[in-house]
Every structure is written in structure tokens, then in C-alpha cells.
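There are 2 protein chains.
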Amino acid sequence: IVAYNQYQSKAEMKEIMQLKNYMANPITPVEQLEQNKDDMKTQMELLIMRIQAEFCRALEKEEDKEAKFTVDRWTRKEGGGGITCVLQDGRVFEKAGVNISVVSGKLPPAAIQQMRSRGKNLQNAELPFFAAGVSAVIHPRNPMVPTIHFNYRYFEVQDKDGVQWWFGGGTDLTPYYLNEDDALHFHLTLKHACDDHDSSYYARFKKWCDDYFYIPHRGERRGVGGIFFDDLDTPNQQAAFAFVTSCAEAVIPSYVPLVKKHKDDAYGYHERQWQLLRRGRYVEFNLIYDRGTKFGLHTPEARYESILMSLPLNAKWEYMHQVQPNSEEEKLLKILKEPKDWLQIEDKKRSNA
Amino acid sequence: IVAYNQYQSKAEMKEIMQLKNYMANPITPVEQLEQNKDDMKTQMELLIMRIQAEFCRALEKEEDKEAKFTVDRWTRKEGGGGITCVLQDGRVFEKAGVNISVVSGKLPPAAIQQMRSRGKNLQNAELPFFAAGVSAVIHPRNPMVPTIHFNYRYFEVQDKDGVQWWFGGGTDLTPYYLNEDDALHFHLTLKHACDDHDSSYYARFKKWCDDYFYIPHRGERRGVGGIFFDDLDTPNQQAAFAFVTSCAEAVIPSYVPLVKKHKDDAYGYHERQWQLLRRGRYVEFNLIYDRGTKFGLHTPEARYESILMSLPLNAKWEYMHQVQPNSEEEKLLKILKEPKDWLQIEDKKRSNA
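Chains A and B, in that order, are what the protein sequence lines are. In this text, residue positions in the first sequence follow the working numbering: the first is 9, and each later residue adds one. In this text, residue positions in the second sequence follow the working numbering: the first is 9, and each later residue adds one.
Don't read these hints as lab results, they were simulated from the structure. These numbers come from a predicted model, not from an experiment. All C-beta atoms, glycine included, are put in the ideal place defined by N, C-alpha and C. Every clue listed holds true.
Straight line, CA to CA, 27 Å or less: simulated DSS-like cross-link-like pairs of lysine-lysine:
#1 Lys49(B) - Lys85(B)
#2 Lys49(B) - Lys302(B)
#3 Lys271(A) - Lys342(A)
#4 Lys85(A) - Lys342(B)
#5 Lys345(A) - Lys302(B)
#6 Lys345(B) - Lys85(A)
#7 Lys345(A) - Lys85(B)
#8 Lys342(A) - Lys85(B)
#9 Lys114(A) - Lys45(A)
#10 Lys302(B) - Lys302(A)
#11 Lys302(A) - Lys345(B)
Have a look at the derived ranges for each label pair, beta carbon to beta carbon:
#12 Pro37(B) - Glu309(A): 51 to 59 Å
#13 Glu86(B) - Ala211(A): 32 to 40 Å
#14 Pro224(B) - Gln166(A): 21 to 29 Å
#15 Glu74(A) - Asp72(B): 36 to 44 Å
#16 Glu188(A) - Lys168(B): 50 to 58 Å
#17 Asp239(A) - Gln40(B): 46 to 54 Å
#18 Asp189(A) - Asp239(B): 51 to 59 Å
#19 Asp169(A) - Leu341(B): 42 to 50 Å
#20 Asn29(A) - Trp82(B): 53 to 61 Å
Could you build the full structure based on these sequences and the hints that come with them?
Below, the structure written as C-alpha cells:
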């Protein structure tokens with residue numbers, strides 16, 4: 009696993025982490041942020057601004073010099089707005105989207121239903137809300153580099169009993185070809201981020217992720233998982249925020265080393281076709297099942313271009329596609345049908361050594 | 009419009025219409041069909057078998073000789089089955105799927121909700137049902153040839169008050185480049201099929217189609233429409249069946265002339281890219297909004313390969329794609345945002361002549 013640590017320990021990493029130049033001006037006016045600097049709404053907005061900038065810069069370092077993120081700062085008539093950064097048709101990244109949004113207003117029942125996994129105490133009526141989140145999907149060109157998705161969000165909803173708040177989020181990996189070392193590195197990085205806060209988190213949120221990114225009609229998961237959680241309002245607001253911060257900061261060390269490692273791997277027509285078919289499955293999950301997409305599309309005056317930036321540049325659907333027995337494609341499918349407990353395997357390896 | 013009639017009046021057409029060789033054996037055993045030959049379930053099964061065979065043969069006539077439909081006859085553990093015919097990666101048709109299904113069993117509430125546009129008198133519990141339908145989506149290779157979709161279906165659901173039955177269906181056209189003569193021919197053919205049964209049908213079902221194939225988040229329709237109806241149980245069962253028969257028989261004369269006319273049109277990279285982007289919109293509609301797809305995916309042990317055969321072989325999503333002002337692409341978008349009353353325009357042309 010030594011090879012993966014190159015990024016965490018180097019000056020390069022520090023430099024990225026210390027950047028204060030966001031992709032655009034914050035959505036909330038700076039004076040307002042300064043006046044309310046202890047408010048969780050402010051803390052979350054500054055966190056997602058920083059995470060967006062760090063991640064975009066880290067990806068640009070892997071790209072050809074001329075390939076840069078385009079930055080669209082948009083506002084929403086009803087309140088708030090967002091910053092959508094997209095790098096499309098690069099040499100390394102076929103489509104990379106990193107979006108933040110800070111929105112408030114009133115939510116219709118259809119959107120409220122998609123807001124949390126359990127709908128406790130939310131009446132079936134329009135309610136004032138605040139939501140701030142960062143969300144990214146990176147579709148690389150090379151089929152040996154996996155796709156990553158992450159999303160970290162903070163919600164406040166006001167009902168008759170006062171303000172309810174909670175955090176949600178997750179990071180998950182979708183390889184086209186299974187590399188067990190990559191999956192192990194990815195899960196281990198996430199586990200470290202979890203373990204600093206609660207020793208039960210990784211196991212619970214790993215299972216939640218396997219359950220969430222399930223495509224029922226195909227009986228398979230979208231990828232090799234990661235972590236996923238929702239409705240997090242314990243042990244207290246600052247501790248939950250510290251956990252979310254750790255998770256969001258783990259994205260770069262979990263993923264960028266995999267890009268570095270595989271971005272120049274050899275591949276051909278066959279591997280590209282398989283990647284396109286798997287991207288079709290990605291579209292199926294996002295458009296049919298993903299609560300984030302549904303929440304977005306049901307929010308009045310949603311910016312659909314930002315919601316749908318998660319869709320790949322190219323995707324393919326073949327009727328009755330069959331993988332060859334004992335092929336690398338079949339190896340992936342087996343894992344998607346029966347998720348592995350990656351780190352238990354790692355423990356066993358160690359105890360055998 | 010004379011050019012379009014070539015197909016209807018020729019021996020070629022008669023030959024196709026008189027074919028009795030279905031794509032596979034009927035789903036219901038032949039003796040059972042013979043014993044219940046006056047039952048609407050039998051009549052509908054024979055109609056969809058015939059429509060499927062006629063349409064597949066008509067499309068094969070437009071293809072290279074070696075490109076033929078593959079035929080998958082499948083059965084469903086809970087009752088019934090289907091015949092899925094797909095022609096993939098042909099010279100003329102990139103992906104053409106023509107499916108029939110004849111299924112029965114018990115329906116879960118989630119599927120019942122997607123069964124009809126108004127949910128009258130159906131309790132929120134598992135109910136015995138019968139459904140027989142034909143459904144097709146044809147994605148041609150050449151961007152100058154439009155995509156067609158049609159679906160004609162018959163339902164029976166048994167609730168505490170007895171058996172409820174109804175028909176539903178429709179035919180609609182999705183061009184990549186707008187050809188007004190094509191749209192006019194298509195709508196006129198459908199209008200003739202409607203007018204023989206009820207002079208109010210075409211106008212009502214044309215509007216229903218424009219409303220149904222609407223992508224709210226983009227504020228545009230999927231294509232130039234056609235007809236769409238559901239919950240049809242008037243004036244009586246035989247009359248409704250006769251109407252559905254006329255509609256299904258209108259598919260070939262409405263569409264195949266357009267394939268003949270445009271399949272060798274010149275096009276280049278630019279037109280292909282636009283076609284792929286529009287196919288992305290097609291995927292969005294089918295996976296997010298289409299009730300037929302939802303009904304299928306919510307039916308226990310559904311054959312998802314048959315449901316998802318409607319998805320194109322290739323599709324594309326570009327962030328913030330913009331069409332050029334005054335381009336052919338913009339011309340299409342305008343029509344998708346504001347549907348035209350094609351035949352009123354035709355009437356005006358005539359009265360001016």
C-alpha cells in the first residue's frame with residue numbers, strides 16, 4: 009500500500025490543501041458569512057467551497073495543461089445558488105463534474121420525500137428549508153481508472169416543532185475492471201476517516217453504501233461501494249460536522265492515487281466498449297433510483313444541467329450483452345452481485361503473514 | 009404526399025399484411041386460444057403477434073440481407089411470457105426492438121399505480137391481472153430518419169367489483185432533424201386511423217401525446233408527438249379493440265415510408281453528435297418519467313432486457329450543450345418546446361391553394 013501514500017505525504021498535497029482560492033465567490037455574501045461565522049450554515053458553505061477547489065485543482069494536475077474546469081456560478085430566484093465546475097472531453101477525464109449548491113426556500117412534498125431516508129416528523133406540506141452540499145462524479149477516459157462519486161450535504165428544515173438539521177453523504181467507487189489493491193486502498197482510506205470519529209461508522213456506512221447503490225432490476229451494485237450515510241444528527245452538530253469534514257478530506261487521498269496509477273494503462277476497443285456499457289448502468293442507477301437526482305429534479309427551478317452533470321459523456325445499451333466466462337468482465341460482475349468485505353480480507357492477509 | 013402512398017397500395021404491402029408466420033409460437037397454448045377464440049384476451053394476443061411479425065418483416069426489408077431480428081421467446085414463472093425481437097447494429101437500424109408480452113399473475117401496489125393514468129377504484133393491494141401488449145422502439149442509424157415508438161396494450165384487473173378492462177396505447181415520432189412533410193404525413197396517417205372510429209379521437213389523443221411525452225426539467229417534448237391514450241373502455245369492448253387494431257395497423261404506413269425516404273441521406277460527424285445528444289434525452293424520458301418502463305420494472309420477475317431494449321445503442325450527455333442560432337438543431341428545439349398543430353396547418357395550406 010506504500011505506493012498510494014505518495015500523495016498524502018508530499019509538499020504537493022500540502023500546497024493543494026492550503027489553497028484558499030475558491031472556484032468562484034461564495035454564494036452567500038461574504039459579510040453575511042462573517043457575521044454568522046459560528047452558524048453551521050456558514051461552516052458548511054466554507055467547507056464545500058474548499059473541498060470543491062481542492063478537488064478540482066487536484067484533478068487538473070493529472071490533466072493536460074490546457075484542460076481546465078469551466079466554472080459556472082449560478083443563482084436561484086427562490087434563494088441561494090451554486091457553483092458548477094465541469095471538465096469535459098479532456099485526455100484523462102472524459103467528464104468530470106464538481107458541484108456545490110447552497111439553496112434555501114420552500115420545499116414541495118415530492119422533494120421532501122427524497123430528502124432523507126426516513127421521513128420522521130416531516131409533515132406533508134411545503135416547508136422552509138436550507139441545503140448546502142458538494143457533489144462530484146468523475147468519469148475518466150481510461151477504462152482502467154475507476155469512476156468516483158461523492159456527495160456531502162447539510163440540511164435544515166423548519167417544521168412546527170422548530171428547526172431539524174442533519175448531515176448526509178458518502179463516497180463510492182465504480183471500477184470498470186476490478187483491481188483488488190485499488191478497492192482495498194479506497195476502503196482503507198475511508199475507514200481511517202471514519203475511525204477517528206466512531207469505531208462503528210465504517211462497518212455501518214459501508215453496508216449502507218452497498219445497499220443504497222443497488223440496481224434491483226439487474227441484481228447488481230453500481231460499483232465496489234465505499235461509505236454512505238444519511239440522517240446523521242449525533243452525537244452533536246460540531247462532532248457530526250467534524251466527521252463530514254474528515255470524509256470530504258479523504259476523497260483526494262482515496263482517489264487521485266488511482267488516477268495517477270492507471271491513467272496511462274494500455275487498453276483497446278474491447279475495454280472501451282465494456283466501459284460504455286457499464287456507464288449505461290450508471291445512468292440507469294442515477295435516473296431511476298438515486299434520491300439525490302430525484303430530489304434535485306423535484307426542487308422548483310432546479311438547475312438541471314448541474315444535476316445531470318453526473319451523467320457520462322457517452323453511454324451504451326446492448327440488448328442481452330453477455331460477458332465471456334472467466335474474463336476480467338465476469339470477475340467484476342461477480343463482485344457487483346456479491347459485495348466483498350474488503351478490509352476483513354486485508355486483516356486475514358495480515359494474520360496469515 | 010403521393011410519394012408516401014407507395015407502400016399502402018403495392019403488392020409488397022399486401023404480402024406483408026397476409027403473412028401468418030409469427031416470430032415465434034404464441035405465449036398461450038394454441039388449443040387454449042382456439043377454445044377461447046371470442047375472449048378479448050385471445051383476440052388481443054393474436055393481434056399483437058400479427059403486428060409484431062408484420063412490423064419486423066417490414067423493417068427487415070429496409071435492411072441489408074444479413075441483418076435479421078433475433079427472436080427470444082421467454083416465459084415468466086408467475087404466468088405468461090413474451091417474444092422479444094431485436095435487430096442491433098444493422099446498417100439502417102442501430103437498434104430496433106419489437107416486443108410482445110402476455111402476462112398474468114398478481115400485481116403489487118407499486119406496479120398498479122403505473123398501470124393507468126387515473127387510478128379509479130383500484131384498491132391498494134395485490135390484485136389478479138392480465139396484460140397483453142406490443143411495444144416497439146426503432147433507433148435508426150441515419151440522423152435524418154426519425155425514431156418511432158409505439159405501444160398497444162390491453163389490461164384486465166380483478167377487484168372486489170369484478171373484472172375491469174381497458175385499452176391503452178399510442179404511436180409517436182422523435183426526429184433528430186425536423187422535416188415538416190414527414191411530421192405531416194405521420195400525423196395524417198394516425199388521424200385517418202382515428203377518424204374511422206371517432207371524430208374526436210385524433211385531436212384528444214394528439215394533445216394527450218404532447219402532454220405525456222414531456223420532459224419537465226428540460227421544458228421540452230421528446231419529439232413531434234403522435235397519439236396517446238389510456239383507460240379506453242368505451243363505447244364497448246369490440247369497438248375499442250377495432251380502434252386499437254386500426255392504430256396498430258397504421259404504424260407501418262406512418263413510418264416505413266420515412267425510412268425509405270431518408271435512410272441514404274447524407275450526414276456527417278456534426279449530425280451524428282446531435283443525434284447522440286437527443287438520444288440522451290430519450291433515455292432521460294424513458295428512465296425518469298415513462299409509466300410503461302416503471303410498470304415493467306416494478307412487476308415482479310420482469311424481464312428487464314425486454315423493458316430496456318427501448319434504450320438506444322449509444323447516447324451522449326454534454327454539459328451545457330448549446331445549439332447554434334438559426335441552425336437546423338434550433339429549428340427542432342423550437343418545435344419540441346411548442347408543439348405544432350400539424351393538420352390545422354395542412355388545412356390552411358389547402359384553403360390557400
